[in-house]
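Visitor: Sequence:
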Amino acid sequence: PIHVAATYLNPQLFWDKMVKMDEEIQKGLN
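For the sequence shown, UniProt numbering gives the first residue as 1, with consecutive numbering after it.
I should point out that these hints are in silico values taken from the structure, not numbers from a laboratory.
Be a bit skeptical, because a hint or two may be false.
Straight line, CA to CA, 25 Å or less: simulated SDA-like cross-link-like pairs of lysine to any residue [claimed, not checked]: (1) K17 to A6; (2) K17 to V4; (3) K20 to T7; (4) K17 to K27.
When you get a sec, could you build the whole thing from the sequences and use the hints?
Guide: Take a look at the structure:
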């Protein structure tokens with residue numbers, strides 16, 4: 001999968017996106 005390659009090549013960018021997604025989910029739940 002492409003996201004696995006992207007994570008391997010640039011883990012920092014991947015984690016930044018994950019954190020942003022988590023924040024958006026938390027906003028949606030509140």
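Visitor: Against this structure, judge whether each hint is valid.
Guide: Results of checking the hints against the structure:
A hinted pair counts as satisfied when its Cα atoms are at most 25 Å apart, and K17 with A6 qualifies at roughly 12 Å. Taking the CA atoms of K17 and V4, the gap is near 14 Å; set against the 25 Å cutoff, the hint holds. Of the supplied pair hints, the one linking K20 and T7 holds, its CA atoms being roughly 15 Å apart against a limit of 25 Å. Among the hinted pairs, K17 with K27 is consistent with the structure: their alpha-carbon atoms are about 15 Å apart, no more than 25 Å.
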